Amino acid sequence: MLTDFLPLFIMVVLAAGLALTLLKLAEWLGPYRPRAVKSSPYESGMDPVGTARERYSVKFYLVAMIFIVFDVEIVFMYPWAVSFKTFLEGGGGLASLAIIGVFILILFVGLIYDIKKGGLDWD
Amino acid sequence: MAIIQAIWEVIDQPLVIFGVINGLLVTASLLVYAERKVSAWIQERNGPDRVGPRGLLQPFADVFKLLFKEDIVPTQANGFIHSLAPTLMVVIAMSTAAVIPWARTPAGDPLVIADIGVGLLLILAMTSISVYGVTLAGWSSNSKYSLLGGLRSSAQMISYELAMGAAAISVVLMAQSLDLFVIVENQNHELLGPFAWNWFRNPVGFIVFAVCALAETNRAPFDLPEAEQELVGGYHTEYSGMKFGMFFLAEYVNLWVAGLVVSTLFFGGYLLPWDPFFASILPPVLLTILQVLFFLAKVAFCAFCFIWIRWTLPRFKYNQLMNLGWKYLLPISIANILVIALGVALFHALGWA
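Respectively, the protein sequence lines represent chains A and B. Read in the numbering used here, the first sequence has 123 at position 116, and its numbers run on one by one without any break. Read in the numbering used here, the second sequence has 468 at position 336, and its numbers run on one by one without any break.
If we strip away everything but chain B, and leave its shape as in the complex, we get (with noise of 0.2 Å):
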């Protein structure tokens, strides 16, 4: 008993970062899904009908038959980099929700996998890390196209993450933490529920903020990278069979990643509206299981907005992006930053906060 307690207290953790990234990995193929669903309602169409029930097995049935497609590396290709890049994109996408906290346990910790203190920042710098997955993989194939899709993709991708960490540091402001726990409980409110979350004290940095994770996900309208009528594939051109479905699936973990931190930040997190109320009637471990449940629900709230957006607007022209990157939200991000600061010193003042 002793033995086998002692090997659970091992292995627990990793069994439990196992089967969160098995979630993911579940979550982006459901993405898959919804992606071509939403569209086929957008477009009116159909959608997938064929594959399981109501086309539910779709997205498997895509991976199986990407696994058993051949990898082409091009002639004069640099191997190494090749692999190396959707590894290093698959990595980064997955390990970014490390430090989401889901839910807030009964004893009043937050429920993550790794609590380190300094979330939002391991966030922003996992983002600029996967810059160079776009960049290597564009420049590894030896094509042309590659080369300037994986150029253009990572200009816009360092463009928009300044705005971003601009935008991040009016919520930092706020819940005077990098913490992403303290972030979500610094909205929690008795009496303003949801007004109290950041969406509504911080609408600047809100919509600024979501334009940029929209953005930095290469996604429509924002997807220069893979512009299929000047740029073939973009970056991924050159790559067949599971490589390719490599940077598919980190694109839409990508999708949900973004989801979960636009929502940690600006909605409130795992809270329920009203939490506190609740927190007072409901006993604290149905708590905690519905603070996860309405925090999957905000979540996919955020990605169904972003797959509405993609299938709604059309391709910004390159240098409306960095117009709009480098001209206006730049600017907007930084002077909400002053503007914010001002106001809490306000609200200082006034001793309201």
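Looking at chain A on its own, in the form it has when it is part of the complex (with noise of 0.2 Å):
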């Protein structure tokens, strides 16, 4: 079973030895003659302003949390996704869908509840 992911495995680490080389052959060929004005932080071509790590907008942090909640449930809904044609055979299938049903329903009320709150206006 694990075997099945060496290919993979083989794939990503390939692939990383592609960009790895990719990174070292132009720090090999190119030149390397670092200014002082050359490796500031562009600005429009001003002299940059305090520092880039700054506080930002909250509205980022809402908008992840909110992704998190729905990305959960999504995962949840796979397995359900994947056999509920065998749900169907045993005679359950309907009664598997109603509780998909009320699941979906709880956590759609949440999204309607932070549409109204105004959580994902952009202005």
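Hints are supplied without guarantee of correctness; some may be wrong.
[As the list claims (entries may be wrong)] Mimicking BS3-like on lysine-lysine, the simulated pairs with C-alpha atoms at most 25 Å apart in a straight line are:
| id | chain 1 | residue 1 | chain 2 | residue 2 |
| --- | --- | --- | --- | --- |
| 1 | B | Lys-449 | A | Lys-124 |
| 2 | B | Lys-197 | A | Lys-45 |
| 3 | B | Lys-459 | A | Lys-124 |
In short, the hints are calculated from the structure, not lab data. These numbers come from a predicted model, not from an experiment.
Each of the two chains sits in its own frame; use the hints to bring them together as a complex.
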């Protein structure tokens, strides 16, 4: 079972090898002449003001948190989707559909609440 | 002789994979050329026509130029992460192609690099990881434009990933498997041919998935992360030389991979139209070769559509983009799951499937 993943592993290693080769090749072939002005961060030609590691809008955190909730919901639905026809053959198909419907409904209420609260409004 | 065979048995798989990676590299450069030619065609220009016959060698010339350019790392940037981000992008874009079935072998097995049985999950997982590449690139550069570009991009990518995952569930419901080979074979039908493929059986899922796949590649009209007019170059503002080239490479490999996944899930993958009919009249080996060619043609068509869209539609505003993802695509694709489930139950009750 795990040996099935071996080709995938080889692919990742070879792709990483390709990426590192490109990096090293560029380092080896390209010039290296740093200047203070050249290596200052781009800010439309002005001297950079302060650092870029600043605080940023809380909206991004909000989107990330809602993403986690819905991503987990969708991951939970995969096993159900795979075995839905098996449930149908066993006679429990519609019951499983009703259960997953309730599950979706609960999270949907959450999404509507979030939209109404303006959590996803960007202006 | 025995030694040669023993050595071959160890290295044949890496060699094939090496070939596939090189194939992807060449494909990416051809796509760059195709993009420039198609855009020139749409805008009534000539496009590249100086390097090689009809400008075909232009992308290779670009790669060599980038190799000889200086790699500038901004002051106070995090050097290691600054290099890690483009590496991550390339590795993830390339390795997704490992689980795509390219054809059915004469023995009836999938022609695939890694036959892992959960290919669809792997693709979704890989797409999630590529968010890291963009975010790390934006953060590590120590430039405000990069940071904003990276943040926007990560928010956009995670938003569209949800709808994409939900649209994929509707495909899984019909095929009842996460194995891409089973999903393709599930679309094989004697009489209906191309109308048994998922784009016809599940049109809503197809549209949602195609839009999300386009958004995941960060291309226009979803190219907010690198909106030139407001963010200069977005998350790769501070990248130069080959590191920038690697982002460029990853973008085009991702475009190709998006075409691969959309064709596999919704256009019958490698299937010929009325595949069982051709299987009955053609020799098996010829059928396998035709399937590979037909698959590549389908993917090339998808890639052409993506390029066409990029040069036709204007960019969204950020609030429109988030509205589309959260308020339209996500509810639509989740409702689509329930509709498809009811349809599967109905067909089962009628005894059709």
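Hints, verified against the model:
no. : hint                     : verdict
1   : B:Lys-449 with A:Lys-124 : 21 Å, holds
2   : B:Lys-197 with A:Lys-45  : 20 Å, holds
3   : B:Lys-459 with A:Lys-124 : 13 Å, holds
No hint from the list above goes unmet by this structure.
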